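S.K.: Here is what each chain is made of, one letter per residue.
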Amino acid sequence: MNETTNDILLLTFGSFGILIALTFIGEVLRAREPANFDNPILDTYMTRVQSWWGMVTFIGIALISGKIGVMILFAFASFAALREFLTLTTKAQADHMSLALAFFVVLPLQYIFVAMEWSGLYSVFIPVYAFLLLPIVSALRGNSERFLIRVAETQWGLMIAVFCVSHVPALMALDIEGYGERSVLLIAFLVMVVQFADLLEYFFGRRIGRTKIAPGLSPKTWEGLICGVGCAVLIGAILSWITPFGMFGAMGMAAAASLVGMFGNLVFAAIKRDRGVKDWSHLIPGQGGFVDQLDSVIFAAPIFYHLTRFFYVS
Amino acid sequence: MKFLRQFAARIVGQSIRIFARAVTAVRADWQGIEPTPKQRVYFANHTSNGDMPMIWSVLPPSLRRNVRPVAAADYWLKNKLRAFVGPEVFNCVLVDRRPEVKDKPMDKIIAALDEGSSLIIFPEGNRNMTEDPLLPFKAGLYNMGVARPDVDLVPTWVANLNTIMPKGEVIPLPLICTVTFGAPLHVEDGESKDDFLKRASDALAALAPEVRT
Chain A
0 MNETTNDILL LTFGSFGILI ALTFIGEVLR AREPANFDNP ILDTYMTRVQ SWWGMVTFIG
60 IALISGKIGV MILFAFASFA ALREFLTLTT KAQADHMSLA LAFFVVLPLQ YIFVAMEWSG
120 LYSVFIPVYA FLLLPIVSAL RGNSERFLIR VAETQWGLMI AVFCVSHVPA LMALDIEGYG
180 ERSVLLIAFL VMVVQFADLL EYFFGRRIGR TKIAPGLSPK TWEGLICGVG CAVLIGAILS
240 WITPFGMFGA MGMAAAASLV GMFGNLVFAA IKRDRGVKDW SHLIPGQGGF VDQLDSVIFA
300 APIFYHLTRF FYVS
Chain B
0 MKFLRQFAAR IVGQSIRIFA RAVTAVRADW QGIEPTPKQR VYFANHTSNG DMPMIWSVLP
60 PSLRRNVRPV AAADYWLKNK LRAFVGPEVF NCVLVDRRPE VKDKPMDKII AALDEGSSLI
120 IFPEGNRNMT EDPLLPFKAG LYNMGVARPD VDLVPTWVAN LNTIMPKGEV IPLPLICTVT
180 FGAPLHVEDG ESKDDFLKRA SDALAALAPE VRT
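Those protein sequences? They're chains A and B, same order as listed. Start counting the first sequence at 0; every next residue gets the next number (numbering that gives the first Met the number 0). Start counting the second sequence at 0; every next residue gets the next number (numbering that gives the first Met the number 0).
In case anyone wonders, no lab produced these hints; they're calculated from the structure. Since this is a predicted model, take the numbers as computed values, not measurements. Do not take every clue at face value.
Okay, the calculated beta carbon distance ranges per label pair [said to hold, decoys possible]:
#1 207(B) / 5(A): 52 to 60 angstroms
#2 107(A) / 146(B): 48 to 56 angstroms
#3 81(B) / 30(A): 53 to 61 angstroms
#4 36(A) / 107(B): 46 to 54 angstroms
#5 147(B) / 32(A): 24 to 32 angstroms
#6 27(A) / 1(B): 55 to 63 angstroms
#7 207(B) / 46(A): 22 to 30 angstroms
Some chain B residues close to chain A (C-beta under 7 angstroms, calculated; not the full set) [unchecked claim]:
#8 26
#9 66
#10 70
#11 73
#12 165
#13 170
#14 172
#15 173
#16 175
Calculated Cβ distances over 10 angstroms to all of chain B for the following chain A residues [as the list claims (entries may be wrong)]:
#17 5
#18 37
#19 54
#20 120
No residue lacks a Cβ here, since even glycine has one placed at the ideal position from N, Cα and C.
Let's have the full structure, built from the sequences with the hints guiding it.
M.R.: Dropping the structure here:
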C-alpha cells in the first residue's frame, strides 16, 4: 500500500470517527427524550448524519480506487445535478434534442476529456462549443418563444452541473512539481474544507447569527459566515500535510474555497426562491437533492482549481 | 412454459421499474392517501405513453401486484412484444375503444373491480396534446363510482412526463418525475355526472405542482 492510499484511508477513518461521535450525540439526545415524543429537528439531524455516512463511504471508496472511480462518482453527481437543474428550467419541445445532447453527449465527453487530462479542451468545451452549438440545435426547430431564456437557462445548467462539478476530478490532472500522484488528495482537501465549513457556518449562524447577509433570500448571517471561514482556515491548517501548499498556503486556499462556496450557496438560494421550491429534489434523505448537498463545492471547485494552477503549477 | 412466461414477465417488469427510477428518479408523493393495500381506482392525467409505467413503478410491491391498468386493446395488441408486455407484465384490462366493435368496456372494468383488483385509468381518454392541464373527462370514472361506491377514486398527477417524453420524440430526457396521489373521491348521493366529473377533474388539476418559470 502506498503513502497516498494510506492518507486517504486515514482521512476516511478520521471522518468516520467524527460521524460516530455525531451519531452517538444524536442517539444520546434521543434516549433522553420521553418515548413517543416527536422531535423533528432531531429526526432531521439523524437522517442528515445517515446521509453523511453514505457520502463519506462513497467518496472514500472512489478516492482509493483511483482515477476511474473518481470519474464515475463525479460523472454520476453531474448527471444527478443536471437532472435536478434542468427539471426546473424553462424549456419547450423544440429544445428536446439539445437537452438530450446535453445529457448524453456533452456530459460524458466532458468527463472523458477530464480523464484524458486534456486541460485545453475540458476548459473550453462547455463554455465555447456547447455554448454555441446547442442553441443552433434549438433554433433549427424554429420556435422563437422565450428563446433566449430557454438557451440561457440550459447553458447555466451545463456550466453549474457539468463544467463546475467536473473541476473537482480535474484537480487530479494538475501537474504539481514534487506532488505527482498525490494530487487525488486535493479532492479530499477541497471537499472536506468546504463541507465542514458549511456545517460549522450553519451551526454558528444558528447560535450567534444576528446580521443577515441577504434578508428575504437566506437565513445566512455575517457572524456565521465569518466563523465558518475561520473554521475553514483552521481545518486547512490541520489538513495542510496532504497539500502541496504549505501551512499558510493551505490556510489561504481553504479560506478562498469556503468563502466562494458560502456565497455560491446564496446564489442557489436565490434560484430556488425564484422557482418557488425548497429543495432541488428528494434524492438524498434529509438533505434534499444533489445540488443542495453540493452547491458550495460546485462554486468553489473551478476557483480552487484555477488558484492552484496559477500559484502551484509551474 | 407458463411458468417461464411468468418469470420473464417479472424480469421485464422489474427492468422497466429500474429503468424508470434510473432515468427520472421517479418518486411518489402520498398527499391524500397512505400506500396501504386498499381497493382503489387511480385516475391520472395522460400526456405520454410513459404515464402508466410511471404510476406502476412508484407503487409499492404489495399494491403493484394487485393493480391493473385499463388500456387500449388496439395499442397493446399491435405486435407480439406489446401483447406480452401489456397483458402479462402490467396485467392490463384491455378494452376496445372503437365504436364499431361492441366490446362493452365497462363490463370488463366492473368485472376486474369485482375480482378485487385496483385500477389505473386515464379519464381524459386520449393523450393531452394541448396547453390546458386536462381534457374533459369521459363518463367512465363516474360510472365506476356509481356502480361500485365503496371503491376509493384517487386522483393521481404525473408531473413532467410531457417534457420527458413528448409525442414524436425518440430519446427520453432524464428529468425528475413526481407522481402525486390526492385524497380519495366518491360519487355523492344525487350528484350529477357532469358535477362529479368537474369535481374529479378539479381535484386532479389541483395536484399539479406549481413551478414558476
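S.K.: It remains to establish, for every hint, whether it holds in the given structure.
M.R.: A quick look at each hint next to the structure:
no.	hint	result
1	207(B) / 5(A): 52 to 60 angstroms	holds (54 angstroms)
2	107(A) / 146(B): 48 to 56 angstroms	holds (53 angstroms)
3	81(B) / 30(A): 53 to 61 angstroms	holds (56 angstroms)
4	36(A) / 107(B): 46 to 54 angstroms	holds (51 angstroms)
5	147(B) / 32(A): 24 to 32 angstroms	violated (46 angstroms)
6	27(A) / 1(B): 55 to 63 angstroms	holds (57 angstroms)
7	207(B) / 46(A): 22 to 30 angstroms	holds (28 angstroms)
8	26	holds (6 angstroms)
9	66	violated (23 angstroms)
10	70	violated (25 angstroms)
11	73	violated (26 angstroms)
12	165	holds (5 angstroms)
13	170	holds (5 angstroms)
14	172	holds (5 angstroms)
15	173	holds (5 angstroms)
16	175	holds (4 angstroms)
17	5	holds (35 angstroms)
18	37	holds (18 angstroms)
19	54	holds (17 angstroms)
20	120	holds (25 angstroms)
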